[in-house]
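Numbered according to my numbering, the sequence shown spans residues 93 to 197.
None of these hints come from the bench; they were simulated from the model.
Please note: incorrect hints may appear among the correct ones.
To be verified - In the DSSO-like style, the derived pairs of lysine-lysine whose C-alpha atoms are separated by at most 30 Å in a straight line are:
#1 Lys193 x Lys103
#2 Lys191 x Lys173
#3 Lys191 x Lys103
#4 Lys103 x Lys173
The structure displayed is predicted, hence computed values, not measured ones.
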Amino acid sequence: MHLRQPSSIQKLLDLIGLDDSSNPCDTPAVVNPAPPKTGNSSSYSWSYPSAVGILLWLAFNTRPDIAFATSQAARYMCDPKQPHYNLVVRIARYLLGTKDKGMIV
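Take these sequences, add in the hints, and give me the full structure.
Set out below in structure tokens:
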């Protein structure tokens, strides 16, 4: 049995504003996993807690490959800055390129 959640991934991509023409990433995070605690507040129009919530759902249920990067993003739920939003966008771009992946049970 192959467990996937393409509809949850699409919901995240729609929330963030990414579409199929966006450039996917090869990895969910960069080498330096902890974004800086300082920075400018973001001007993104989407809800950071909503996006991280979807990522946590995916990481817990069918996408353990994004668990570490998602936990890094979840650390900054109370006061996300620009680098934290960028991390969520990177994870979403990774998911864009791996929508068909999941868990085999």
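Which numbered hints does this structure break? When the structure is compared with the hints, none of them turns out to be violated.
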